[in-house]
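Trainee: Could you build all of it, start to finish, from the sequences and the hints given here?
In case you want the letters, here they are:
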Amino acid sequence: MAYISKRDRRREKERQNATKNRRELIAEGFSRRDLIKMGLIASTGMLIPKRGLSARARDPYARIPLDDPESPPTDPWLEEMPRMQIATPVVLTPTPDRCPVPGEAPRACHQRWDELQARYGPPITYQNIAAQTSGHIVHPQLPPQTLWTYNNQIPGPLFHSFYGQRNVVRFRNNLPAIGIDGFGKGQISTHLHNGHTASESDGFPTDFYAAPLFKDHHYPNIRAGYDQFLATGGDHRETLNTLWYHDHRVDFTAQNTYKGLAGMYILFDELDSNNENAPPPQFGLPSGEFDVPIMFQDRVFDEDNGRLFFDKFNLDGILGDKFLANGKIQPFFRVRPRKYRFRWQNAGPSRFYQFFFRDKTANQDVPFTVIANDGNLLPTPVLNQFSVRIAVAERIDVVVDFAGREGHEIVLQNRLEQEDGRKPTGDILSPGETAAIGQENIKFKVNLPFTGDNSRVPAAFRPNPPLENVDAIREWRFDRSGGNWTINGEIFDEDEVRATVIQGNAERWILQNSSGGWEHPVHIHFEEFQIISRNGNAPPPVERGRKDVARLGDENIRLFMRFRDFVGKYPMHCHNTIHEDHAMMLRWDIVAP
Amino acid sequence: MKRREMLANVLSPSKSVKKEDDLRPKKHGARANYFPNFLLRTHEGKAVRFYDDLIHGKHVVINMMYADCQGLCPPITANLVKVQELLKDRIGKDIFMYSITLRPEQDTPKALNEYVKMHHVKPGWTFLTGRPADIDVIRRKLGFVDLDPALDKDTKSHIGLLRIGNELTDMWIATPGISKPKNVIKRILWLETPPDYQPENGSTQKAKPASEKKK
Numbered sequence: 001m002a003y004i005s006k007r008d009r010r011r012e013k014e015r016q017n018a019t020k021n022r023r024e025l026i027a028e029g030f031s032r033r034d035l036i037k038m039g040l041i042a043s044t045g046m047l048i049p050k051r052g053l054s055a056r057a058r059d060p061y062a063r064i065p066l067d068d069p070e071s072p073p074t075d076p077w078l079e080e081m082p083r084m085q086i087a088t089p090v091v092l093t094p095t096p097d098r099c100p101v102p103g104e105a106p107r108a109c110h111q112r113w114d115e116l117q118a119r120y121g122p123p124i125t126y127q128n129i130a131a132q133t134s135g136h137i138v139h140p141q142l143p144p145q146t147l148w149t150y151n152n153q154i155p156g157p158l159f160h161s162f163y164g165q166r167n168v169v170r171f172r173n174n175l176p177a178i179g180i181d182g183f184g185k186g187q188i189s190t191h192l193h194n195g196h197t198a199s200e201s202d203g204f205p206t207d208f209y210a211a212p213l214f215k216d217h218h219y220p221n222i223r224a225g226y227d228q229f230l231a232t233g234g235d236h237r238e239t240l241n242t243l244w245y246h247d248h249r250v251d252f253t254a255q256n257t258y259k260g261l262a263g264m265y266i267l268f269d270e271l272d273s274n275n276e277n278a279p280p281p282q283f284g285l286p287s288g289e290f291d292v293p294i295m296f297q298d299r300v301f302d303e304d305n306g307r308l309f310f311d312k313f314n315l316d317g318i319l320g321d322k323f324l325a326n327g328k329i330q331p332f333f334r335v336r337p338r339k340y341r342f343r344w345q346n347a348g349p350s351r352f353y354q355f356f357f358r359d360k361t362a363n364q365d366v367p368f369t370v371i372a373n374d375g376n377l378l379p380t381p382v383l384n385q386f387s388v389r390i391a392v393a394e395r396i397d398v399v400v401d402f403a404g405r406e407g408h409e410i411v412l413q414n415r416l417e418q419e420d421g422r423k424p425t426g427d428i429l430s431p432g433e434t435a436a437i438g439q440e441n442i443k444f445k446v447n448l449p450f451t452g453d454n455s456r457v458p459a460a461f462r463p464n465p466p467l468e469n470v471d472a473i474r475e476w477r478f479d480r481s482g483g484n485w486t487i488n489g490e491i492f493d494e495d496e497v498r499a500t501v502i503q504g505n506a507e508r509w510i511l512q513n514s515s516g517g518w519e520h521p522v523h524i525h526f527e528e529f530q531i532i533s534r535n536g537n538a539p540p541p542v543e544r545g546r547k548d549v550a551r552l553g554d555e556n557i558r559l560f561m562r563f564r565d566f567v568g569k570y571p572m573h574c575h576n577t578i579h580e581d582h583a584m585m586l587r588w589d590i591v592a593p
Numbered sequence: 001m002k003r004r005e006m007l008a009n010v011l012s013p014s015k016s017v018k019k020e021d022d023l024r025p026k027k028h029g030a031r032a033n034y035f036p037n038f039l040l041r042t043h044e045g046k047a048v049r050f051y052d053d054l055i056h057g058k059h060v061v062i063n064m065m066y067a068d069c070q071g072l073c074p075p076i077t078a079n080l081v082k083v084q085e086l087l088k089d090r091i092g093k094d095i096f097m098y099s100i101t102l103r104p105e106q107d108t109p110k111a112l113n114e115y116v117k118m119h120h121v122k123p124g125w126t127f128l129t130g131r132p133a134d135i136d137v138i139r140r141k142l143g144f145v146d147l148d149p150a151l152d153k154d155t156k157s158h159i160g161l162l163r164i165g166n167e168l169t170d171m172w173i174a175t176p177g178i179s180k181p182k183n184v185i186k187r188i189l190w191l192e193t194p195p196d197y198q199p200e201n202g203s204t205q206k207a208k209p210a211s212e213k214k215k
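Sequence lines, in order, name chains C and U.
Residues in the first sequence are numbered consecutively from 1, following my numbering.
Residues in the second sequence are numbered consecutively from 1, following my numbering.
This list has only true hints and no planted wrong ones.
Using 20 Å as the maximum straight-line C-alpha spacing, the simulated SDA-like pairs for lysine to any residue come out as follows:
hint, chain 1, residue 1, chain 2, residue 2
1, U, Lys186, C, Ala211
2, U, Lys180, C, Ser481
3, U, Lys186, C, Tyr209
4, U, Lys156, C, Phe313
5, U, Lys153, C, Ser481
6, U, Lys93, U, Val48
7, U, Lys82, C, Asp495
8, U, Lys153, C, Gly482
One-sided and incomplete, this derived list gives chain U residues near chain C with beta-carbon spacing under 10 Å:
hint, residue
9, Gly71
10, Gly143
11, Leu147
12, Ser157
13, Gly160
14, Leu161
15, Met171
16, Thr175
17, Pro176
18, Ile178
19, Ser179
20, Arg187
21, Tyr197
22, Pro199
Hints are computed from structural coordinates only; laboratory data are not their basis.
Every residue, glycine too, gets a C-beta built ideally from N, C-alpha and C.
Mentor: Below is the structure:
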């Protein structure tokens, strides 16, 4: 059978195993109906492979080869997790200006440019060059990868910015028209996720441009409520801290970000001041070496050639079987026996995580403090947590203390069981099961010497802005019909304004999900929200700050939002990037009163 | 390649060889190893191979429908008629439109031909039927699958999306069939082969069928 490929042989073996397993289970007294109920076999009688790939893998005929590679095996903990490289300012020629300069892609002129320039002075300027670059080692047992990067870095450069200092980032497109292996479209529109950014710099999905153009994104680093709190440059209670940026090219966001176009952006302020030695009222959170942003991605690599693989025919959500942290598969990270601030970010494409720190030396879970959700410090830290859930695009900042664990090995485990793009099964696996199926993301080795620790977690951060009477109520139903992803029964059309919001107004947005068994991480650009209730109940403590992503299960979520400072078009969409690319998105606009 | 195939034929039991031969693509491209090469019938009664004749090297727009479908199908068909009108002579020349029936038992070539006439579909857009089991595999390979088995059985679950692809560049996307014609056309044109396009190593490697892959 010389023409039967490795893939066919694997499938054949899988089928044989499935049949064998099914016989064993039936012999144990489970009926086929029980098994279906337990989700162990599909209605076709095939045992569901626990490989975490698409539904199409369950081809009931097994007559034709399938395009569903299982990644080649890799050993964990071979390489150290890299730290993101901090972006360095560069002089830009031509100098960025209010309206597009020569070589720049078309855009509206920057809102409030002259006013902010007069107050804060010229911007700090950076350049991020999006390009296809090769030689990226994601794991020493896989071949070097050709990826799409910003400034040849995976993840992209880490921005360290400060309130009161304007940034302009020139996103230059040097990408080929099409990425290798036929995925990735070389047109970009970069979104600073959760930035209080005017529409023309927000990376609206259809505002994309091709090489060799660039676009200057103006990140004023002012707080929401700038007009209402002019003296302080915005409402301090709207301070943002952990943001990320990624490509948002309409219909290709999943492919382009999967290929690598993502990075993080940190904002410091007078209190969260990047100095753990600073006295109160500064927060004194772990800083410098001990403030570690981590981007999580799950990926599939082709079992034949080891290259990054993207399933172009998946419409549910892509689950990878390799878990990357800062661009490396299952890295280790050496730490000192003291407190660390980890800024976790889920860069997708579709998976939900529930993270636990497992001290494998002491055989116990390590408690931690959740200090921020979606990059915003909570009104009060949530102490003594053992796990936290994080959907695509969400950020969670935690402080964990490795003191007293010298010499220990602590593994960050994702114990959330998820078998397809719908949503997690709801089951939390045991530490042993989690290890057995390889859902382990980072191994922390507490083997660096102690060098002191003045960092602390204060009893409180900043309060939330008050909830006020709203000027309008809008309901958004996230649904599925005829194989389409819809919001209020409609699909994305960039020219159709589905909501027009008056600048300065507060609104109640109600998110509903009736798509039957799907969970959608819903993201609203530009303004944050507070979750008032989930199905009438108060949200859990870790969700009681301000957020920009709402994990929407089979429920309705009531949000409070206020729209300020800039006008223009913005999207709301599901951040399961596969759903988003298949039109689960809408445009809403802010207009002047 | 030929030697290898011959060898395979010699080594395999004759019955299964015939079956495998039927399915195996005669042409080589990025998706030769992915899409089945089932025999289908067009609304004009012509026999065509799914991969060799419909997909290989082509820029395609594919949807699934059935002739007596109410609800979503008529607006989608009306939409696609407009898309065909707006793209004028490109359809059937360098962009190919296919509508595959989800109810092949009812939708004979004749029934599809009537549907074509009723909706004023112009030449260059082909309606297709075939063996139900084959159509089902094609549907799955196009990605039109619902994870809920009950919904997956319901043909109405699979009529909403258009699969747009270009086998030469191996780019594939999907977009709702109820999108405005101008939005559908935008997306079709996003998948045009760039003028300076050169398939790099990866594509040529992928382009080989399984029979050639093992060295």
